[in-house]
Amino acid sequence: MSITIETPRSPRSRKSAKLEKYGWLYMRASGALLLVLIFGHLIANLFVGEGIRAIDFGFVGGKWATPFWRIWDGIMLWLALIHGTNGMRTLVNDYAERPWVRKSLVVTLWAVCGVLILLGTLVITTFDPCPANSLPELLPSFCTNK
Amino acid sequence: MPSKPAGTLYRGKVGMWSWVLHRITGVAIFFFLLVHVLDTALVRVSPEAYNSVIATYKTPIIGLGELGLVASILFHALNGVRVILIDFWPKGAKFQNVMFWVVIAVAVILFAGFAPRHLMHVFGGAK
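Chains A and B, in that order, give the protein sequences. Under my numbering, think of the first position of the first sequence as 1, with each following residue one higher. Under my numbering, think of the first position of the second sequence as 1, with each following residue one higher.
Read the hints as simulated data drawn from the structure, not as lab findings. Nothing false has been slipped in among the hints.
Distance windows between CB atoms, simulated: (1) B:ALA105 with A:ALA44: 20 to 30 Å; (2) A:CYS130 with B:ALA105: 44 to 54 Å; (3) B:GLY124 with A:ASN145: 26 to 36 Å; (4) A:CYS130 with B:ALA55: 14 to 24 Å.
Dumping the calculated EDC-like pairs for lysine to aspartate or glutamate here, alpha-carbon to alpha-carbon at most 16 Å: (5) A:LYS63 with A:ASP73; (6) A:LYS63 with A:GLU50; (7) B:LYS58 with A:GLU50; (8) B:LYS58 with A:ASP56; (9) A:LYS63 with A:ASP128; (10) B:LYS58 with B:ASP39; (11) A:LYS21 with B:ASP87.
Computed footprint of chain B on chain A, listed as stretches where at least three residues anywhere in the stretch have a Cβ under 8 Å from a Cβ of chain B: (12) 20-33; (13) 84-90; (14) 116-126.
Note that beta-carbon positions come from the ideal geometry of N, C-alpha and C, so glycine has one too.
If we strip away everything but chain A, and leave its shape as in the complex, we get (with noise of 0.2 Å):
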């Protein structure tokens, strides 16, 4: 009995291989960084104090007050969303065999993470913690308009 052994499929190209490359070191670089961001960020938020309890547009606007966190929170925001939707990307290229499905899940991620990164950046860079004509008793105890 003889064996058929398929033709070789064409290897990705140079250009597609390389951007491969980068994206498995992006997973390993940003998942460190991540650990520590992630790590801090539940620290201070659901461990230190009263936790979750705590957690209030007053609790937020004391956080976000001086650059630190809002830094903290900017850099986190963009690592996480492009780490979680390059791996989801490599569950879809795993799990959806019919090559459309495929094509518009991707591209579908990286425009739901575009949108978010968007967002996000927006409403850290504006954030302002004693806006006007809000209820006193819900602002920052360090807001004048309280």
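Starting from the known structure of chain A, fit chain B onto it as the hints suggest.
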């Protein structure tokens, strides 16, 4: 007669199950992240809007869900370190099995430190 394939480095062993768990926890964290960016964006709408949505995070059911989220994050983060070590540490592949159990042990210890405290915050009790 073809016999059932024997276990390899990955099939049916710690290598495979860590991979499965890494995927499941990753998907769970991803969908939470989507929701979490949207709920945090409400701080830009009004203090009332943000507070009313964040109040749901303090309810018992979602509070228990947060335990699942933290457990997922702990496993995914620590197993991620294991993956990095397998890839970049020359002896990583040799110790992947031991490292899996170290990941589980550290995750369980950290979770045991977090869970009672979080449950007290959600269900009242101590500060």
